[in-house]
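> Once you have looked at the hints, place chain U on chain H.
So the protein sequences, as listed, match chains H and U. Positions 1 to 331 (the UniProt record's numbering) are the ones given, in order, by the first sequence. Positions 1 to 334 (the UniProt record's numbering) are the ones given, in order, by the second sequence.
Any given hint could turn out to be false.
[Claimed, not checked] Each computed SDA-like pair below joins lysine to any residue, with the alpha-carbon atoms no more than 20 Å apart:
1) Lys16/H to Arg234/U
2) Lys60/H to Lys126/H
3) Lys126/H to Val245/U
4) Lys60/H to Leu69/U
[Unchecked claim] Pulled from the structure, derived: some chain H residues nowhere near chain U, Cβ distances all over 12 Å:
5) Asp8
6) Pro33
7) Glu42
8) Gly89
9) Pro105
10) Gly140
11) Val187
12) Gln192
13) Ala195
14) Gly205
15) Thr303
[Said to hold, decoys possible] Stretches of chain U that chain H covers, calculated by requiring three or more beta carbons in the stretch to come under 8 Å of a beta carbon on chain H:
16) 39–53
17) 238–248
18) 325–332
Simulated from the structure, these hints should not be mistaken for lab results. Note that beta-carbon positions come from the ideal geometry of N, C-alpha and C, so glycine has one too.
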Amino acid sequence: MALLEVRDLTVVFERKGEQPFTAVDHVSFEVEPGQTVGLVGESGCGKSVTSLAIMGLLPKRGARVSGTVGYEGTNLLSLSDREMRDRRGRDLGMVFQDPLSSLNPVVPIGVQVTEVLERHRDMSRKKAMVEAADLLDKVGIPDPTRRLSEYPHQLSGGMRQRALIAIALACRPRLLIADEPTTALDVTIQAQILALLKELVRDMGTALVMITHDLGVVAGLCDEVNVLYAGRVVEKAERHELFAAPRHPYTHGLLSSIPRLDAPRGQKLSPIKGSVADNIPWDHGCAFAPRCPNALDVCVQVTPAQEDIGGGRLLRCHNPVRPPVVEEVSA
Amino acid sequence: MLRYTIRRLIQLVGVVLVLSLLLFAWLRALPGGPVSALLGERATPESREALTKQLGLDQPIFVQYFKFLGRALSGDFGVSTGVQPGDSAMEIFLQRFPATIELSFLAIVIAIAFGIPLGYLAAKRRGGWFDNLSVGGSLIGVAVPVFFLAYVLKDVLSSALGLPTEGRQDAINATRVTGFFVFDGVITQEWDAALNALEHLILPAVALSTIPFAVVFRITRAAVLDVLDEDFVRTAESKGLTAPVIRRRHVLRNAMLPVVTTIGLQTGALLAGAVLTEKVFSFAGVGQALAIGFERRDYPVLLLLIIMATIVYVVVNLLVDLSYAFIDPRIRTR
Chain H
1 MALLEVRDLT VVFERKGEQP FTAVDHVSFE VEPGQTVGLV GESGCGKSVT
51 SLAIMGLLPK RGARVSGTVG YEGTNLLSLS DREMRDRRGR DLGMVFQDPL
101 SSLNPVVPIG VQVTEVLERH RDMSRKKAMV EAADLLDKVG IPDPTRRLSE
151 YPHQLSGGMR QRALIAIALA CRPRLLIADE PTTALDVTIQ AQILALLKEL
201 VRDMGTALVM ITHDLGVVAG LCDEVNVLYA GRVVEKAERH ELFAAPRHPY
251 THGLLSSIPR LDAPRGQKLS PIKGSVADNI PWDHGCAFAP RCPNALDVCV
301 QVTPAQEDIG GGRLLRCHNP VRPPVVEEVS A
Chain U
1 MLRYTIRRLI QLVGVVLVLS LLLFAWLRAL PGGPVSALLG ERATPESREA
51 LTKQLGLDQP IFVQYFKFLG RALSGDFGVS TGVQPGDSAM EIFLQRFPAT
101 IELSFLAIVI AIAFGIPLGY LAAKRRGGWF DNLSVGGSLI GVAVPVFFLA
151 YVLKDVLSSA LGLPTEGRQD AINATRVTGF FVFDGVITQE WDAALNALEH
201 LILPAVALST IPFAVVFRIT RAAVLDVLDE DFVRTAESKG LTAPVIRRRH
251 VLRNAMLPVV TTIGLQTGAL LAGAVLTEKV FSFAGVGQAL AIGFERRDYP
301 VLLLLIIMAT IVYVVVNLLV DLSYAFIDPR IRTR
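Bound-form chain H, shown alone (with noise of 0.2 Å):
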């Protein structure tokens, strides 16, 4: 059975005198334990809604959630505050974008470990101490000890990364949310970063769900990767095979974007048209219709449905790009 099942997830915001605006439209996927999904999209794709909608962080007033999001079998949306509270930093553990800002700057490193482990794990703030600076150690923030007395400032960009990381995972969650965990970061602290995600769910067993923009990250850590465009999945594939075809002419945009080292010289890199705000709702038609250089009439007129075109694949395209061709030797 998947650890995490998202079936028709669907966020709408409601603001009085506004259009209701649907953030989040029937996004479904699933998480095998220990397995690493990635959901990609650019700014405004409904990413980190979709992530704050699993945790339960949405605005209880003004963000209408439906659909499931089954943890186990048990639908994480028909529970209380109470008992989502309980499960928040126990069995669901979430990294947000900028370390800095995500910390609480007044209290010391140390309180922010272990007030998670006195909640969750009835730890008295001794024995949590011994624990916390155990937790540091392992997501290697060096002379953990003194690091616990010290408050967030006084920490460097990856450091406090690190320090987050240890807070998502200190009660050992089956599941991670790791909201662009890098974006805030350098280059080097990035793969860095990475490289210990990778190596904690790896070891922990926890499965993750990593929220990114970089195609980069995906291609280092995802198992699965779901694609999104404005609220939908557009596409969703296997990692090897999502790189080697992709379908959608928006994933393909975006792996194109991407400057390659073995590409040919003087090649020019080949962005996506327009802005994530060039949409036309997707009940009209297909929502990347207008920047899509395969775009057809029916585009525009007939919403594009979810087809499964076999070896796990999703899409949801009218004229999906061809997979290359694999060239046959010839006599």
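Just chain U now, with coordinates in the frame of chain H:
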């Protein structure tokens, strides 16, 4: 930190010196003077002249100032001519200062005890009926003049509540130790005296607390609203922490810096409110002495009380600045 404190205290000496000079000039620039105040309109020129000479007011003003300064340095601030004629200004200060401290302290405690929790609650329920009602209420709190509210409390509510409206304590046999009546009652274990003094404090303290309450409430609300949007509050939620821990450790601790600043400033402003409140409730504190002192042009008492008020104001705000370091570690390590 020690060096910083010492530097601020040295600055205080300068502030007091300049202030004493300005005050000296300002008080004498007021129309009338102690002679007219003491003798009335119909006094003969001879008796006026005699009194002027006796009070030393016939000398040039700078001579008067340096004489005052010389005596002040040895702790002699002159003798009261109006508030309690014949008593030394210092005696009057020592007698009345504890009263005003007790009153202001209670007023600030009321303002904090209600302002911070209500401000937090209003922020938490932004836009709800409680928020709208309390924001409106705080506006009234700031806008209603202290003397009006004081009379409403005194004349309308006191009988319903059965609380005294005059003075600091009923004429009961109470031992005086420090001059803080409530405190004295507690340390001498004269509980009835302490309770009686406390009852006398309640109405004036409530009247005095309305403005600081409203200001503390609004600043808390605004600060909490800012903090609630911070990423680290979301992190705290993602850890599944209980609501009280998030509130205390993550929200309020971060929201306290502007609130503490405000409390410091309000403590200073309380003295202005105390003049009116003490007058209405015949409360024998510094505020009442200032009011009487101005009516009767009691130069020595006015000078001493205003200088002391300044020192209190500067010291309170120094304490506030020092408290930042305890609240925010980023200031401590700088």
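> Please confirm whether Glu42/H is truly not at the interface, meaning its C-beta sits more than 12 Å away from all C-beta atoms of chain U.
Non-interface label stands for Glu42/H: nearest chain U Cβ at 21 Å, farther than 12 Å.
> Looking at Pro33/H again, its CB stays over 12 Å from all of chain U?
Holds: least Cβ distance 21 Å, greater than 12 Å.
> Determine whether the non-interface label on Pro105/H survives the test: each CB of chain U must be over 12 Å from its CB.
violated (6 Å)
> Next pair to validate is Lys60/H with Leu69/U; report whether the Cα-Cα distance is within 20 Å.
At roughly 66 Å apart (the allowed maximum being 20 Å), Leu69/U and Lys60/H break the hint.
> According to the definition I'm using, a residue is off the interface if its beta carbon is farther than 12 Å from all beta carbons of the partner; does Asp8/H meet that for chain U?
holds (24 Å)
> Taking only the CA atoms, is the gap from Lys16/H to Arg234/U under or equal to 20 Å?
Violated, at roughly 24 Å.
> Sort out whether Val245/U lies within 20 Å of Lys126/H, counting only the CA atoms.
This hinted pair holds, its Cα atoms lying about 18 Å apart.
> Evaluate the condition: distance from the CB of Gly140/H to the nearest CB of chain U exceeds 12 Å.
holds (20 Å)
> Compute the least Cβ-Cβ separation between Gly89/H and chain U, then decide whether it is above 12 Å.
Given that some Cβ of chain U is not farther than 12 Å from that of Gly89/H, nearest at about 4 Å, it is violated.
> Taking the closest pair, is the beta carbon of Gln192/H still more than 12 Å from chain U?
holds (21 Å)
> At least three residues with a C-beta closer than 8 Å to a C-beta of chain H: is that true for the region 39–53 of chain U?
With 0 residues in contact (Cβ-Cβ under 8 Å with chain H), the coverage given for the region 39–53 of chain U is violated.
> Taking a Cβ-Cβ distance under 8 Å as contact, does the region 238–248 of chain U have three or more residues in contact with chain H?
With 6 residues in contact (Cβ-Cβ under 8 Å with chain H), the coverage given for the region 238–248 of chain U holds.
In this structure, the earlier hints numbered 1, 2, 4, 8, 9, 16 are contradicted, and the remaining ones agree with it.
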